[in-house]
Structure formats: structure tokens, C-alpha cells
Amino acid sequence: MEKYNHKPIEKKWQDIWEEKGVFHASNDSDKEKFYPLVEFPYPSGQGLHVGHPRSYTALDVVARRRRLDGYNVLYPIGWDAFGLPTENYAIKNKIHPKIVTKDNIANFKRQLMSLGISFDWSREINTTDEGYYKWTQWIFIQLFNKGLAYKNKMPINWCNSCKVGLANEEVIQGTCERCGGEVVRKEKNQWMLKITEYADRLIDDLDLVNYIERVKIQQKNWIGRSYGMEIKFPVDDTSLTVFTTRPDTIYGATYMVISPEHPIIQEKSHKIQNLDEVLAYKEEAAKKSEFERTEVNTEKTGVRVLGLDAVNPLTKQNIPLFVSDYVLMTYGTGAIMAVPGHDTRDHEFAKVFNLPIVEVVSGGNVQEEAFTDIDNGTIVNSPIIDGLSVKEAKEKISEYIEAQGLGTKKVNFKLRDWVFSRQRYWGEPIPLVYCEKCGWVPLPDSELPLTLPEVESYEPTDDGESPLSKITDWVNTTCPCCSGPAQRETDTMPQWAGSSWYFLRYADPNNNEELASKKALDYWMPVDWYNGGMEHTTLHLLYSRFWHKVLYDIGVVTNPEPYAKRTSHGMILGENNEKMSKSRGNVVNPDEIVEEYGADTFRMYEMFIGDFEKSVPWSSLGIKGCRRFIERTWKLQEMIREEDIFSEKIESSLHKTIKKVTEDYETLKFNTAIAAMMSLINEIYDIGGITKKDYQTFLILLNPVAPHVTEELWQLMEFDGFLNEAPWPKYDESKLVESTIEIPVQINGKVRGKIVVAANISQDEVITMAKSDLVVKDMLDGKEIKKIIYVPGKILNIVV
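Using numbering that gives the first Met the number 0, the first residue of the sequence shown is number 0, and each one after it goes up by one.
Just so you know, these hints were derived from the structure itself, not from any lab.
We put the CB at the ideal spot given by N, CA and C, even for glycine.
Treat the hints loosely; a few may be bogus.
[As the list claims (entries may be wrong)] Within a straight-line C-alpha distance of at most 20 angstroms, the following computed EDC-like cross-link-like pairs (lysine to aspartate or glutamate) qualify:
(1) LYS691 <-> GLU717
(2) LYS518 <-> ASP102
(3) LYS315 <-> ASP385
(4) LYS564 <-> GLU38
(5) LYS408 <-> ASP199
(6) LYS753 <-> ASP780
(7) LYS270 <-> ASP308
(8) LYS91 <-> GLU453
(9) LYS315 <-> ASP235
(10) LYS91 <-> GLU455
(11) LYS691 <-> ASP719
(12) LYS413 <-> ASP527
(13) LYS30 <-> ASP527
(14) LYS648 <-> ASP731
(15) LYS548 <-> ASP416
(16) LYS315 <-> GLU398
(17) LYS729 <-> ASP68
(18) LYS32 <-> GLU647
(19) LYS286 <-> GLU176
(20) LYS659 <-> ASP719
(21) LYS299 <-> GLU276
(22) LYS286 <-> GLU455
(23) LYS162 <-> GLU176
(24) LYS152 <-> ASP462
(25) LYS634 <-> GLU1
(26) LYS691 <-> GLU647
(27) LYS32 <-> GLU1
(28) LYS101 <-> ASP462
(29) LYS162 <-> GLU612
(30) LYS231 <-> ASP308
(31) LYS299 <-> GLU289
(32) LYS19 <-> ASP719
(33) LYS281 <-> GLU291
[Said to hold, decoys possible] FRET-style restraints, in silico, Cβ to Cβ:
(34) GLU682 <-> LYS623: 58 to 66 angstroms
(35) GLY180 <-> LYS10: 29 to 37 angstroms
(36) GLY173 <-> GLY362: 30 to 38 angstroms
(37) THR343 <-> ARG224: 35 to 43 angstroms
(38) THR671 <-> LYS286: 36 to 44 angstroms
(39) PRO355 <-> GLU394: 26 to 34 angstroms
(40) LYS286 <-> SER28: 25 to 33 angstroms
All chains, please: the whole structure from these sequences, using the hints.
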């Protein structure tokens, strides 16, 4: 027997699989389909580290098992290749981003192919391919035609480093998600997508899908649906509308706060006595991100608007009006009724400005601190609802406010419309032109794709406009409607655009006439199982569900949700238990692991490392243990008996392992499945040999985790065909019960012997056999048996 050498074996089988198209899915199959999906990678210059393949390998295990179980499996891969990092690298190194992208993809593909993941490479897609982003542009036009894409001047999150606008989801603790740079607020004309139109459905339709609970909770919290009232507070000859979920606390509203960006400042500027002070505060607020402005622990600042007071519509008393940066124009109405007795931020603000604090829900000392435990309790100091419970008070005051025409019931959302345009080069061009006569006009389908022009400089401009705006030959064009002069939109789409529909393109990736044929979409959709990182729950996952629902509404797809199931994996940390990064010096390159130990060992360790849903540190010792297991599997060749039946000694263990592995693969418990196979191989070595049928079954069970070595052993053993064509083994329920069991025999509570008996033996037979045991018989000699205790199948205790 030759020594196990992973290098020639793994290269051999990777070439065979691709040459024969073993993992190529068919769009014309009568088999039941199974469509597993992983988030396609952004091909960065750094390549893969060992954390990336954890998700890919996990669903590969499931995909391979399902193929052996008779499914037509589509397990595709592609590249989410537009984005700022590539463009920034291109600018720094004076290389076209297209070349950077091509080189990065080649490296990523080499790495992924070396791991033996059963991707269908015949369906490989790339979001920067013109044939792909033609359909991204087509979808944008459908959004525009439905009134879901609009351009609006508004305060946006602006990254000073990237010189680009960011969606709320791309701002992490006041910094840019991409570069970590400072994010400020800046007014800019931006394309927006009306994701808010779908807010209710994005929450309600979570009931239709099998997502892990933490994903559902995170999406619901981000969308932030709340039920309350919009109430009008008179101000001068107009009114300010506030949204509140607690109309029962209105008698405690002792002042009002508006956002520094609120339009009433402009409308009533002639009445504001300290306008310069108010405008100066507005300018300072614009330098802060939304995160900084809404931080609970931030010191409260503001300016009273002199010359304008509000009126509490219930108490009829004048109350002061302030501007403060903790109120955002982008949430609710940009104005709040402040109830300092029962809101921490309002209480802190009231203390700073020496404002009155009124208790309206009994239970605390509101002069000292806000009493916020007010979901239950009794209403006080509120004439119409005094003495009522919170629930009763809400209902009564809501009816009263509506009856008096002071407000209306309202559902509100924290979710904001999606800031969609970017002032950069490396993205999909937005396929619209602006005509003075016709306004914004989409390009006809025949002119798609609108491709990126060649440019000498990709540098973002200092005025915040896209580099494309400087290319007048490209910008100036004719209107598709009136043939008059028009200008192209020079902003590009964000990186999230291409990933918002890529799962549909895999169904029919080479179709030039439509984004995918109806037949292919009807067969493959929805995705059966989608795995990805929790960090994408409020970004990509939400965006792609929104786009899919729009496509559902216009009849392109027939499923209201794109993904039937969503799971999420934990990160693989460095050996120092910190997140892997170059700056920490703890990155582990999979190329080095594959070179030294082999792809099968790497795959096995990624699955064995710990609970798939939790973060775990990498361990060099652990990888060596997995290599030893594969070598022991290899050496089993020398222990084979030429019998085509299961070995009697391990038959029960083998059936138990089939059951365990089958169930654990499908429930992401890969570590316990591998542990079961390790236990079985220990048992095989203990008995000193197995039959060909035992070995054949064991190789099939191990194949999804370690596909190369198992295919090679299958061939060396001259089993029929290829392992990838073999049927997945079935377990026999009757064989899960042990035929014999070992019973410890105690005398006065101490184990004195053990007997091996039939699993279905009776109590009388156990006692007879125990008394016949030479050791037990000797110790009972001359003793009087007082009592016998037998726990069936577990233990026998004889009291003497």
C-alpha cells in the first residue's frame, strides 16, 4: 500500500469532476431540485483566509449529500466584484479597476477550486460583466417606472475619506463600514429607493420563511414598526406634527424639540428672534453622523427658538420650542413632544435647560430621574384619563384626540429609504438621462447595457461629483423621448445592487433575452437554503428581499420570498481569539494549510472546529488531528475482508453512525457527525478489520466532508463507478438496537464483575447468568442474599 499523499490525489479528482461536469446542474431534470446558496464573495486583493470557506464547505457537505440522495443540486458561485476597495486600489496603483478585478477573481477562483467545493462553475457570474449588469440596470428601470426610484436633495451620510454617500446600514458607530473613516452629514441630490413602501411586507412575510430566529429579530428591529399617533401641536399660525407611541403621556409634554433640519426654521425665519444662533447650531449638527447624534450617553445640547412657542393641544398651555441634534429629520416627523418625566433623553435635556418635569405615570421620583418602566401602571395628572391603566388610557386618549381632530392613528417605521447612488466610477451606470423638457427618462431596453466609459482618472472629485461627470462626450446625449439634448446620470449604483438579484441569474446565467427564463425561475426558485454572515442581515439580506418582492409584483418571479431558509455561521478567529486581520498578524492562509495537510484535512477541520453557528479560534493542533483521522481511513485498505455484508460486530454501530451523520449534516452539526465517524473508526481498529461493504458505506458517509480521498479509495477498492454516483446509505431502525449488552454486576454497591447478555434478556435470566459468573459466584459463596435490584439493560446489584 502506498503512503497517503494528498497532492496528486486532490488534483486528480478536481480535474475529473470538472472535466466530466459532475457538479453541473440541469435545468431539464425530473429529479427533485435542491438549491443551496452561499453569499458570493467580494474578490479582494488579499484573497481568502481560513474563515471564508467555513460557509462554503458547510453547504458543500449538504449539497454533496443531497446529490447522493438523488437530488438535482444547483450549488453556484460568482463574484460580487464592483466596489470601493477595488477602485481605491486602482487609484493608488494606477491600474484600471477592471484589471484589478480580473486578477483578484483569478486568485480567488484558484483558491476555491483547490478546496474541492462542488460549485457548478459552468454558471459562474460576475457583477461587473456587461451581460450581467445589463439586467441590474433593467431592474433599476422597473423600480423607476413603478415610482420606487426617485432623486431627492436630503442630508446623507458622507464619508470624507471615500468621498461618497452611504446608506444608514453602511455606517457603523459613526464610521464608514468600508474604510473606517469619519462619517458626517451632508446635503446632496441622491437617488433613493422606496424600500419603505415594502416595510410591512418585509416584516409580515418573515412568517413565510424558515429563518433562524436571530435573523428574523434583527430584521424586525431594523425595520422598526411601531403603532402610535400623529398629533398636531399648534405653533404660531401653523402646527408641528409629532409621532408618538405613547399618546397617554401627552399631559406630561412640557416642551417640544425639532431637528435642526426642520423646514419650519426656514418657513418662520422672520419670526425667530435668535435666527443666527439657530442656524449656527444647525451647521454644527451637520458635522455629526446620525450615530453620534442619537448616542444615549452624549451630552444634550440645543437652542431655544425664541419668538416661536408651541401649544400642548390637551393642556392648552404654551410650551417652549427647541432645536436639538438628538432629533432626526429622517425619523418620524422631525419633531417630538418631550415628556421628561418618562424619557431618559428628554429628562437629561430638561435638566440642562431647567424645564418643568411632570409625572403622568405613577411609580417613580421623576424630579430625580425619568421613570421609564411605564408599560404598566396608573395614569396621573392627566384629567381625561386620570386613574386609568396604561392600556385603558391609550385607547381612551387616542379616541378623544381623533374625535377632536387633533391627530390620527399612524404606523411608523425606523427603516429609511435606501440611498442608492454613489459618486464613484467603479459601479453600474444608472441608465437614465435628464432632459429639460421630459425630466428623468430611462434608456430603452435596446440601449442596455449602458457601459462604463474608459477614463484616465478614477479619482473622486473634490466637489463630491462622480468622475464620470467630467467626461462630457459621454454625459451629453439625446433624450429617448423627444430627441432633444439631455445629460446622462453620472452617479453609479452601490455595491449592493448586483447582489440584490444574483441568485436569480444562477438559474439561467447565459440568457441574453431576459434576466432568466420563466421556466428556469419556476423550477429553481426559491433558494432552498441560504447561508451567510449575520453582518449582512440588515444590508444585503433586506435589500435582496425588497428587490425580489418588486420583481414578484411585476410578474418576473412567482415566489414572494427569494429564500426559503436562512442560516448563519460564526467567524473563525485567530489563534489569539481575535478577529483575523493583517494588522493583528493572525491571518491564516488556506493555501498554506492545503499545501501542507491537504484540502480534505482543511475541510474536515473547518467542519470539526466547533459549533457552526458560533465563533471559534483556529488551532494548529486541531488540524493535525484531522490529518491523522484521514490517514487512518486510508490505512483501512489493509484491514478489508472480501465480504459483501456488514460485519456483525459493528453492524449496530454502523447503522447508528448512518443515522447520526445523515441527521447532523442536515442540521449543521458537522462536528458531532465527524466525531461519530471517528468513534466508528476506533471501533473498527479495535476489532481488527471490516468487510468491503462496511468500508464502502463508511467512505460514502465521509465523502461530503473529505471528497478527494474517499473518491480515490473507492477507485482503489474497485467499487462500481464513481463514489459521487453512489446512493446515500439508509439505516435500518431494527439494527439501531444492540443485539448484546454489557451489564455490570454489583455486590453491596461495588462492581465485582460484568456479564455480556442478549439485549432482550429477562430479569430472571440476568440473575441466573450473574450467579454463574465465576467471580460473582465465588463472592456469593457462604453469603445470604437479602435483596436483588435490577435496572433493565443498565446494572444488577445484589445485596448480601
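Evaluated hints:
no. : hint                                  : in the structure
1   : LYS691 <-> GLU717                     : holds (10 angstroms)
2   : LYS518 <-> ASP102                     : violated (35 angstroms)
3   : LYS315 <-> ASP385                     : holds (17 angstroms)
4   : LYS564 <-> GLU38                      : holds (14 angstroms)
5   : LYS408 <-> ASP199                     : holds (16 angstroms)
6   : LYS753 <-> ASP780                     : holds (18 angstroms)
7   : LYS270 <-> ASP308                     : holds (11 angstroms)
8   : LYS91 <-> GLU453                      : holds (17 angstroms)
9   : LYS315 <-> ASP235                     : holds (14 angstroms)
10  : LYS91 <-> GLU455                      : holds (13 angstroms)
11  : LYS691 <-> ASP719                     : holds (12 angstroms)
12  : LYS413 <-> ASP527                     : violated (30 angstroms)
13  : LYS30 <-> ASP527                      : holds (15 angstroms)
14  : LYS648 <-> ASP731                     : holds (16 angstroms)
15  : LYS548 <-> ASP416                     : holds (16 angstroms)
16  : LYS315 <-> GLU398                     : holds (18 angstroms)
17  : LYS729 <-> ASP68                      : holds (10 angstroms)
18  : LYS32 <-> GLU647                      : violated (37 angstroms)
19  : LYS286 <-> GLU176                     : holds (18 angstroms)
20  : LYS659 <-> ASP719                     : violated (26 angstroms)
21  : LYS299 <-> GLU276                     : holds (17 angstroms)
22  : LYS286 <-> GLU455                     : violated (33 angstroms)
23  : LYS162 <-> GLU176                     : holds (13 angstroms)
24  : LYS152 <-> ASP462                     : holds (15 angstroms)
25  : LYS634 <-> GLU1                       : holds (9 angstroms)
26  : LYS691 <-> GLU647                     : holds (13 angstroms)
27  : LYS32 <-> GLU1                        : violated (40 angstroms)
28  : LYS101 <-> ASP462                     : violated (31 angstroms)
29  : LYS162 <-> GLU612                     : violated (36 angstroms)
30  : LYS231 <-> ASP308                     : holds (13 angstroms)
31  : LYS299 <-> GLU289                     : holds (14 angstroms)
32  : LYS19 <-> ASP719                      : holds (17 angstroms)
33  : LYS281 <-> GLU291                     : holds (15 angstroms)
34  : GLU682 <-> LYS623: 58 to 66 angstroms : violated (22 angstroms)
35  : GLY180 <-> LYS10: 29 to 37 angstroms  : violated (44 angstroms)
36  : GLY173 <-> GLY362: 30 to 38 angstroms : holds (35 angstroms)
37  : THR343 <-> ARG224: 35 to 43 angstroms : violated (23 angstroms)
38  : THR671 <-> LYS286: 36 to 44 angstroms : violated (53 angstroms)
39  : PRO355 <-> GLU394: 26 to 34 angstroms : holds (27 angstroms)
40  : LYS286 <-> SER28: 25 to 33 angstroms  : violated (59 angstroms)
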